[in-house]
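Student: The residues making up each chain are set out below.
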Amino acid sequence: MKILVCMKQVPQKDAPLKLNESGTWIREDVSYEVNEPDAYALEEALRQREKHKGEVVVITSGPARAQQVLREALAKGADRAIHLEDDKFVGFDAFNTAKAFATAIKDEQFDLIFTGLQSDDYGYAQTGVILAELLGWPHATIIMQIEKNDSGIRVKRELEAGYFQFVDMPTPAVLTIQSGINKLRYATLIGIKQAKNKPLRKVPLAEVQAAIGENLQKIEKLYIPQKTKKTERIEGAPAEIAKKLVDKMKNELRVL
Amino acid sequence: MADTILIVVEQREGKLNRVSFETITAGQAIAAATGWTLEAAVVGAASVAPEIASKKLAKVYAIESRKLAPYTPDAFAAALKQFLASHPAKLVLMPHTYQVRDFVPKLATSMGRTVISDCIGFKHESGKLVFTRQMFQGKLAADVSFTSEAPWFSTFQNGAFRGDKAEDGASAAPVETVNVEIADGVIRNKPQEVFKEAKQAVDLTQAEVIVAVGRGIKEQKNIEIAKQLADALGGDLAASRPICDSGWLPMDRQIGSSGQTVAPKLYLALGISGAIQHIVGMKGSRAIIAVNKDSEAPIFEIADYAVVGNLFDIVPPLIEEVKKAKG
Numbered sequence: 001m002k003i004l005v006c007m008k009q010v011p012q013k014d015a016p017l018k019l020n021e022s023g024t025w026i027r028e029d030v031s032y033e034v035n036e037p038d039a040y041a042l043e044e045a046l047r048q049r050e051k052h053k054g055e056v057v058v059i060t061s062g063p064a065r066a067q068q069v070l071r072e073a074l075a076k077g078a079d080r081a082i083h084l085e086d087d088k089f090v091g092f093d094a095f096n097t098a099k100a101f102a103t104a105i106k107d108e109q110f111d112l113i114f115t116g117l118q119s120d121d122y123g124y125a126q127t128g129v130i131l132a133e134l135l136g137w138p139h140a141t142i143i144m145q146i147e148k149n150d151s152g153i154r155v156k157r158e159l160e161a162g163y164f165q166f167v168d169m170p171t172p173a174v175l176t177i178q179s180g181i182n183k184l185r186y187a188t189l190i191g192i193k194q195a196k197n198k199p200l201r202k203v204p205l206a207e208v209q210a211a212i213g214e215n216l217q218k219i220e221k222l223y224i225p226q227k228t229k230k231t232e233r234i235e236g237a238p239a240e241i242a243k244k245l246v247d248k249m250k251n252e253l254r255v256l
Numbered sequence: 001m002a003d004t005i006l007i008v009v010e011q012r013e014g015k016l017n018r019v020s021f022e023t024i025t026a027g028q029a030i031a032a033a034t035g036w037t038l039e040a041a042v043v044g045a046a047s048v049a050p051e052i053a054s055k056k057l058a059k060v061y062a063i064e065s066r067k068l069a070p071y072t073p074d075a076f077a078a079a080l081k082q083f084l085a086s087h088p089a090k091l092v093l094m095p096h097t098y099q100v101r102d103f104v105p106k107l108a109t110s111m112g113r114t115v116i117s118d119c120i121g122f123k124h125e126s127g128k129l130v131f132t133r134q135m136f137q138g139k140l141a142a143d144v145s146f147t148s149e150a151p152w153f154s155t156f157q158n159g160a161f162r163g164d165k166a167e168d169g170a171s172a173a174p175v176e177t178v179n180v181e182i183a184d185g186v187i188r189n190k191p192q193e194v195f196k197e198a199k200q201a202v203d204l205t206q207a208e209v210i211v212a213v214g215r216g217i218k219e220q221k222n223i224e225i226a227k228q229l230a231d232a233l234g235g236d237l238a239a240s241r242p243i244c245d246s247g248w249l250p251m252d253r254q255i256g257s258s259g260q261t262v263a264p265k266l267y268l269a270l271g272i273s274g275a276i277q278h279i280v281g282m283k284g285s286r287a288i289i290a291v292n293k294d295s296e297a298p299i300f301e302i303a304d305y306a307v308v309g310n311l312f313d314i315v316p317p318l319i320e321e322v323k324k325a326k327g
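From first to last, the protein sequence lines stand for chains A and B.
Start counting the first sequence at 1; every next residue gets the next number (my numbering).
Start counting the second sequence at 1; every next residue gets the next number (my numbering).
Looking at chain B on its own, in the form it has when it is part of the complex:
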């Protein structure tokens, strides 16, 4: 029997997280390279199974127990451990979301296994499967292999694969419900309702031009020159996480995995090194201009135009030139 790849799709409050399609694309690519069978599972929300079953998959499992809602790491880890005991898989793939980060290390540890997390790709060379992941905030990449027995767990970074490339199946994959027993006392956390903080005052997702500042801005008072540039361009001011953590700009100006995801016509990054958590929030920008004094800053990997230099030298004349151009 061929080995199996199991994709665990993500649902939140009973709705499919679209990032799951990226994991399906990744799984289809690994299945094509290895010849392994590709299956998927959804934990605690059978209602999303049909949406998944339309994709090219051998089978879809709906893992069910009334104790799976609301989400808790204890219940999810217990359910998947039980499922994997009766449905062995060689490789288990998930998106690298906050929810997965919350339970998958627990699941793997409970089975004496490991997770290669936050991968951006894979290689299958002379029969060996390795996963590529970023290290040192994206400055370096590593090819990582499993040295343990199956199941192997691996998670993929948002945007590493394209969800719209997930292939449809010729016909819908069969859906099978698998009931799991979660004993009393397993679940220790009591989650309350999910909520959003007071409405975000600033919606950066519609901005055409964004001027974003990072640590390179050095002091709160220096944010003024970035603001002047944003004003001159008719754009919005944004920031990387450390700037908002320091309280220099409000949290609703934050771009990245814990802030807003934007795709403006122009993203002007001032003194932003380009940590992965920031890049996932802005790499869809149509054009990126980066100004940074560190020529090795990861932001330059994704920039269209790179200026290696001190932003305090570059920005003042840039404001003047923009004003001139606008007349």
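The shape of chain A in the complex, shown without the other chains:
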């Protein structure tokens, strides 16, 4: 099975974010990490390859810094990587990102493409489904299990409120992977060493430019959300805070 995993580098979860001068994006000088659901997507691809043989390829778009997620993926066991490298990719909407990916892989023949179910930065939850439509492939979203069968694959979709559903579908297909589908592995020292010699293809913006149009949506303004709720800060030494909280629980919230 030949699997492509789309991965994204996003600001670290607890990184303090600052707005840029025009208030349209964050300042880039923050720490980054791999988008969490994408890490699960990679893990699932590696497990499928262990079961069925084949190849795992990872792809990302973004500036030079984004190469880090590919290096980590190679260290964990991915076979090769594709980096659409340009600062401009950061500002692409999901439609353009998917078009760039579709163009970059046009000469490849994958059986499956995995993405995380959404990104921690934009949170559009769309790129995988758009990519499927651009490729003319079927897709399924929020996947918790993947089994190969004679006619293609059987996947387990997570629905809301504790419901699930199995779906049989042909391949090639795009699946968006839910966090928690598996247990993540760590990169080994040997893996990290080997990663240095694995192929990483860089795709400049010019190579995909012809497929890219104007973004179909535009961030007019990015800002710190206005607080709608009155929050009381409880301060002091830990023992003091504990006393104050118990006082609130007893006299205001009446749960004690």
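Every clue listed holds true.
Straight-line C-alpha distance at most 20 angstroms; calculated DMTMM-like pairs for lysine to aspartate or glutamate:
| # | chain 1 | residue 1 | chain 2 | residue 2 |
| --- | --- | --- | --- | --- |
| 1 | A | 221 | B | 125 |
| 2 | A | 13 | A | 121 |
| 3 | A | 13 | B | 245 |
Hint data in this document are derived by calculation from the structure and do not stem from the laboratory.
Since the model is a prediction, treat every value here as computed from it, not as a measurement.
We have chain A; now place chain B onto it with these hints.
Tutor: Coordinates of chain B only, in the frame set by chain A:
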């Protein structure tokens, strides 16, 4: 002719998803601001049309084909694309549910259009319509506009508007059935029956006090102090998704969009940053106390009482004080 806003309500297995009323409230607000005509459509379940038609809407469409049940993204996208070709809309609104997330990006892409997804509000200023959505897990908000031609697609986050505020119409809106043709071969997925995993052992929806832990708990063994606090309070222990994903607590203790939705008298969030997916499951709590060392954690946006500090410093004395108070 005035522009049209079309709300696509959600049905699952022939039953109306109540979150659709929130989308109707949103649509009514946008219609009031823009003067556009408001219509609704239900795909593949005409039986829910009358329930929708009681709301203040110009018209309700029942989009029908026997290929629309069971739900598949291929059939839903094809049906709506066909419908929109004969019934042009300026703006198409839907709730941001798992089902909508499954087909609306496909639908929009097939029409060369885009979706502004998971919105929490809108603004209509000097003739321009922008949608507000959360970014970076709720740390920032963005006003986003469409730069493409209509139809514009937009989805609203659960709880962004109040479903009980959807206005009733003076009389029932007319319902029109529109049959669509879905060619053989369009549907590629074969969905099986929807099912629930083995019964949930824990029902947190009835809990009066919930102590919930997030990543800030650091290690599985540390969950013990949260459990002690929950026990002292006579409450239940719960967690955010990453904790359950790691197997530190069973999945049936998970609060959020993929877990349980709760509304206790007190929700005590320990080391939970407050990702949107978690917040939708607990923001209805009567009171929220949040303990987190990151003063910018989004959980503080919705907390009644905020403690910026290390939970490992705060929780042990808190357990003692609670025990004392209980006598």
